[in-house]
Amino acid sequence: MALWACRAASYLRISSFPRAFSTVLKDLKYADTHEWVKVEGDSATIGISDHAQDHLGDVVYVELPEVGTSVSQGKNFGAVESVKATSDINAPVSGEILQVNDELSEKPGFVNGSPYDKGWIIKVKISDPNELNSLMDDEKYKKFCEEEDGTH
Amino acid sequence: MAAGVVGTRGAGRPLMRLITMSGAPILQQLHLEERLLRCTGDNWCIINDGTAPATIVMGVSGKVSELVEIQPVLQDKVPVIRRFSGGGTVIVDQGTVFVTFICSKTAVAGLQPFPRDIMSWSGQLYGKVFDSFGEFQLRENDYAFGHRKFGGNAQSITRDRWVHHTSFLWDYDMKNMDYLKNPKRAPDYRQARNHTDFLCRMKEYMPSRSVFTEGLISSLRDQFTVQPTELETVVSDDTGFKPSTKLLSLQDLEDIINTKGSHTVQEVQA
Chain Z
1 MALWACRAAS YLRISSFPRA FSTVLKDLKY ADTHEWVKVE GDSATIGISD
51 HAQDHLGDVV YVELPEVGTS VSQGKNFGAV ESVKATSDIN APVSGEILQV
101 NDELSEKPGF VNGSPYDKGW IIKVKISDPN ELNSLMDDEK YKKFCEEEDG
151 TH
Chain U
1 MAAGVVGTRG AGRPLMRLIT MSGAPILQQL HLEERLLRCT GDNWCIINDG
51 TAPATIVMGV SGKVSELVEI QPVLQDKVPV IRRFSGGGTV IVDQGTVFVT
101 FICSKTAVAG LQPFPRDIMS WSGQLYGKVF DSFGEFQLRE NDYAFGHRKF
151 GGNAQSITRD RWVHHTSFLW DYDMKNMDYL KNPKRAPDYR QARNHTDFLC
201 RMKEYMPSRS VFTEGLISSL RDQFTVQPTE LETVVSDDTG FKPSTKLLSL
251 QDLEDIINTK GSHTVQEVQA
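Order-wise, the sequence lines are chains Z and U. Each residue of the first sequence is one higher than the last, beginning at 1 in the numbering used here. Each residue of the second sequence is one higher than the last, beginning at 1 in the numbering used here.
Hints listed in this document are in silico derivations from the structure and should not be mistaken for laboratory results. Every residue gets a Cβ at the ideal spot worked out from N, C-alpha and C, and that includes glycine. Some hints could be false.
Unchecked claim - With a straight-line Cα cutoff of 30 Å, these simulated DSS-like cross-link-like pairs (lysine-lysine) come out: (1) 143(Z) to 105(U); (2) 63(U) to 140(Z); (3) 75(Z) to 105(U); (4) 175(U) to 75(Z); (5) 105(U) to 142(Z).
Claimed, not checked - Some chain U residues near chain Z, calculated using beta-carbon distances under 8 Å: (6) 61; (7) 77; (8) 79; (9) 81; (10) 84; (11) 85; (12) 86; (13) 112; (14) 114; (15) 154; (16) 155; (17) 156; (18) 157.
If we strip away everything but chain U, and leave its shape as in the complex, we get (with noise of 0.2 Å):
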């Protein structure tokens, strides 16, 4: 499944090669996620700074009935999405700050390939970034200031390696929440709150969204030897691989409304 791994450890630390893209299509993100994890060896960071249009994306289970209000989302030509990773249902914009880390399961000294043990990781590496701007928490699998959620996570596991990736509140349109519905799984911490009282903008405690990607990339060199590289080079390598993460198509959405409660998809080209 992996490919051979590129570079070798640098001053004693694992290589983590880093690609940072501005306002790229979220489904473009989410199949260069699927590439990476399954088609290659490498440890890499990609960092996407918002993007657009302003996407609904759903975890592998998701049941577009139970989470998406399908009228408006059909009104109004939102995308809808069902990614590879499993999780809840956001919806995505220019505000959105995407962090995904793709690691081989020795990258990590010690770290099992569970969920529960990459949350950990991914919450101590967050708190150096954050604690000196909120009382920053890793409550069950968000990362908040208090109780209020700013970063949702989401994670894919093979054999040999995973994804730890999360959608950043930097800044939200609240109408977009309309589109959403409050899901039935819900963290306990979130005690039937709407989506007002239960999330935060990070714009209201940190000064830039470069303080952020700055801090979080100071933080990774704690643990990696970081090593940026262009996108390019990585598109160019593409092995015909197949990712699984779909656009729904008009037809789906359709279909779901006529009968409810029907999730089987489409594929749709990209």
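Extracted from the complex, chain Z is given alone in its bound form (with noise of 0.2 Å):
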């Protein structure tokens, strides 16, 4: 585990910590902050991975965009707060807003405890299907968690 990680644990004072291994969907793409990607023909659901929000810790608050907006490739778009820190959430895809998950403004938690499926952020119309090439899939994903967190 990064020696970081050790660190934070004995100061702040916590035995649970980020677990050794987060889940990982097949089917689905992923970005190197943490976002994950699921294609539906010409459209695609945004989400964080089981990673990030084991990283962030409880989230208490979602910052969501509105419909109709275009999100890019790599810009934020949104903010979550955990653990008195607000953290961009980064577009995987260009493409304009079709959905928002406005549950998430009376439900942050489903980003912790349903990253993959409740948890979903926002969806949307993919401009640039060939984004999607720059992102990891599961297996490399996974690999990029454990070199982040010095695991191997």
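Since each chain sits alone in its own frame, please combine them into the complex, following the hints.
Right, dumping it as structure tokens:
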């Protein structure tokens, strides 16, 4: 486990800690900023991964964009608040927002408890399918997370 | 998003540009922080020794009706700000010393840009500053001597950078705490204590503010090459960026009294 992670546990006096292996779903694509994409035809559902929610801590607030606005790959479109921090949510692909998960306003904990299902954040109409090629598949993303956590 | 990095590693340490201010209004400080976070690629440390006027500062998701005693705030015309970072509500004044770190995610080797990792790093940095003055603890997300809080933290994390900022209670006016309600979300170690029993003043543990700030800069120098930077040179690089930190208008506060629970905010020109 990463050195900083061990020190964090000690300093914060916590027994539970980011798990060694987070859930990574097949059939999804992943960004290096820990968002996932589920492609369905020419649209995509976007959320944040189990690895991300685990490292963020309990999400208490989700700042959501508006339907109809555009998102650009790599740029932030919203934010989550956890453990006194706001963390940007970045678009893994570009497109126009078709739907926003308004349930997250009342139930931000869905991001933690169900990151790939009830915790979905936006659905977009994909503007450039080629952008998907720059994302990681589940195997690559799993390795990426392990490297970030210092586990191999 | 990030502009090019100014300066390179010196003596094997990354560069950190240091801005020191005294009495700067907290709204201006927060706007500066947002701009440095979003529009530059440099590492920054901002120290602001005291602020005026006394101001209530809420986190990004703060609900005024739950956190603030609106009637006395309106009566006494206390400004209320919603800042861009997470976390709780504070009332800040001349007795508050602010310290902010704005860093690229590669600034600290091996540090992942997640809240608890950054908090742990900060706890180690400040441990070197405070250990000789009291029983310094990083308690959940607060800095404390023993079980009494003297520093509150908040963060904002982007794709490639992060802000960790702290309001330190060098001193505080107890009557200002009457403008704040006891928050619903509180750390476990608070144990339902009121402000008087929960907080402590740094001046009761350390001889002077300058001992604190000099100790901080010394601790920073273990990890960074610290370069003092004039505020005027930073302000002159204005890119037209619009910060999200907002001063709530009088109308906002009156609306909240009239329709409880609403916290829609109109932007007010600083």
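Using Cβ atoms only, decide whether residue 85(U) comes closer than 8 Å to chain Z, and label the hint accordingly.
Holds. Min distance 6 Å.
Take the shortest C-beta to C-beta distance between residue 154(U) and chain Z; is it under 8 Å?
holds (5 Å)
Would the pair residue 175(U) and residue 75(Z) pass a check requiring their Cα atoms to be no farther apart than 30 Å?
Answer violated: residue 175(U) to residue 75(Z) is near 44 Å, above 30 Å.
Measuring from the C-beta of residue 157(U) to each C-beta in chain Z, is the shortest one below 8 Å?
holds (4 Å)
Take a quick look at whether residue 63(U) and residue 140(Z) sit within 30 Å of each other, Cα to Cα.
Cα-Cα ~41 Å, so violated.
Per the CB criterion, is residue 81(U) less than 8 Å away from chain Z?
At 15 Å from the nearest chain Z Cβ, residue 81(U) fails the 8 Å test, so the hint is violated.
Quick check on residue 61(U) please, does its C-beta sit within 8 Å of some C-beta on chain Z?
holds (4 Å)
Does residue 75(Z) pair with residue 105(U) here, judged by a C-alpha cut-off of 30 Å?
holds (16 Å)
Can you verify the interface hint for residue 79(U): is its Cβ closer than 8 Å to any Cβ in chain Z?
violated (21 Å)
Cut-off 8 Å, beta-carbon criterion: hint that residue 114(U) touches chain Z
Since chain Z brings a Cβ to about 4 Å from residue 114(U), closer than 8 Å, the hint holds.
Verify the interface restraint on residue 155(U): the C-beta must sit less than 8 Å from at least one C-beta of chain Z.
Holds. Min distance 4 Å.
Using 8 Å as the Cβ threshold, decide whether residue 86(U) counts as touching chain Z.
holds (4 Å)
Violation of the numbered hints given earlier is confined to hints 2, 4, 7, 8 and 9; the remaining hints are satisfied by the structure.
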